[in-house]
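2 protein chains.
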Amino acid sequence: MKAFQDYYPEHLAHCYGCGRLNEHGYHLKTYWDGEETVTRFTPSAFHIAVPGFVYGGLLASLIDCHSTASAAAAMYRSELREMDTSPPFRFVTGSLQVRYLLATPLGPELVIRGRVQEIKGRKVVIESTVSVGDALTVRGEVVAIQMPDDFGA
Amino acid sequence: MKAFQDYYPEHLAHCYGCGRLNEHGYHLKTYWDGEETVTRFTPSAFHIAVPGFVYGGLLASLIDCHSTASAAAAMYRSELREMDTSPPFRFVTGSLQVRYLLATPLGPELVIRGRVQEIKGRKVVIESTVSVGDALTVRGEVVAIQMPDDFGA
Numbered sequence: 004m005k006a007f008q009d010y011y012p013e014h015l016a017h018c019y020g021c022g023r024l025n026e027h028g029y030h031l032k033t034y035w036d037g038e039e040t041v042t043r044f045t046p047s048a049f050h051i052a053v054p055g056f057v058y059g060g061l062l063a064s065l066i067d068c069h070s071t072a073s074a075a076a077a078m079y080r081s082e083l084r085e086m087d088t089s090p091p092f093r094f095v096t097g098s099l100q101v102r103y104l105l106a107t108p109l110g111p112e113l114v115i116r117g118r119v120q121e122i123k124g125r126k127v128v129i130e131s132t133v134s135v136g137d138a139l140t141v142r143g144e145v146v147a148i149q150m151p152d153d154f155g156a
Numbered sequence: 004m005k006a007f008q009d010y011y012p013e014h015l016a017h018c019y020g021c022g023r024l025n026e027h028g029y030h031l032k033t034y035w036d037g038e039e040t041v042t043r044f045t046p047s048a049f050h051i052a053v054p055g056f057v058y059g060g061l062l063a064s065l066i067d068c069h070s071t072a073s074a075a076a077a078m079y080r081s082e083l084r085e086m087d088t089s090p091p092f093r094f095v096t097g098s099l100q101v102r103y104l105l106a107t108p109l110g111p112e113l114v115i116r117g118r119v120q121e122i123k124g125r126k127v128v129i130e131s132t133v134s135v136g137d138a139l140t141v142r143g144e145v146v147a148i149q150m151p152d153d154f155g156a
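Those protein sequence lines, which keep their order, are chains A and B.
If you count by this note's numbering, then the first sequence holds residues 4 to 156, one letter each, in order.
If you count by this note's numbering, then the second sequence holds residues 4 to 156, one letter each, in order.
Take the hints with a grain of salt, since some may be wrong.
[Said to hold, decoys possible] Pair by pair, the computed Cβ-Cβ distance ranges are: (1) E39(A) - E38(B): 41 to 47 Å; (2) S134(A) - H14(B): 23 to 29 Å; (3) G136(A) - A16(B): 43 to 49 Å; (4) L24(A) - K5(B): 36 to 42 Å; (5) H14(B) - L105(A): 16 to 22 Å; (6) F49(A) - A48(B): 18 to 24 Å; (7) K123(B) - P90(A): 48 to 54 Å.
[Stated by the list, open to error] Chain B stretches covered by chain A per the calculated footprint, using a threshold of three residues with CB under 8 Å from any CB of chain A: (8) 6 to 20; (9) 23 to 31; (10) 84 to 90; (11) 96 to 103; (12) 118 to 130.
[Stated by the list, open to error] Among chain B residues calculated to face chain A with C-beta under 8 Å, some are: (13) P54; (14) A63; (15) D67; (16) C68; (17) S134.
Simulated from the structure, these hints should not be mistaken for lab results.
Everything numeric in this text was worked out from a predicted model, so none of it was measured.
Just so it is clear, CB atoms sit at the ideal spot from N, CA and C, and this is done for glycine as well.
Build the full structure now, drawing on both the sequences and the hints.
The following block contains the structure:
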């Protein structure tokens, strides 16, 4: 199954978070799971905050990239179109809100899940969470804005 | 001049953002500049979003680490104490809000500046910005919470 990010054209596939062409990046892959979107990511040992716990900046990055990818996918789905059809939808982050509910243990796989809260014009609001096993540790909201047509072109 | 992060004890110096002992991390260094705090950071070429612009997750990380370090420094300053005196103040992020006002050009040095908005009990609120030259590109707010005494000990 292709991930949302696999549909990005080459010139938009360099993102440190989700670009398949960024050799230093996270290579995030996001999929539909019913009405939710899901990304799975296992941090490296150096993605540390204090010993035993995941670095908050990584968690913010996961919320951000997961949510903008989800925004694009949601926009295509709202038009009943596949992600490889034109015109393309690409999103940037307008604002990012992250609440750290519990310290996130470093080691296990993290599961990031998103839900569409609103689609309005060029704006999509996504609520996302990070969980480890049964523990929901981070809750975030992203307001994603459709890129101007000349952005990164 | 010692940076705020240079005062962190060894067991708290592994953070990917600001830990001097994390060989993969950013090694952020934050200083007082009058009533403001300042961190300078030059992203690498791979810290890319779309070509020419900085990855938003890095910008969120810079706001986060800069602000929690600023929170600790502000707490010491509010007690007229040096950062190497006891009891130590260490902060974690309770919540992080980031607004991306302009795309941040990739290449030049970024300057992150913070101001204390509130100190109340174990909570410090810091407002921080990211600028490139004269352009203010990102505005953020962090609610930093003093770590429980047994956290990361």
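If any of the earlier hints don't hold here, list their numbers in rising order. 3, 10, 12, 17
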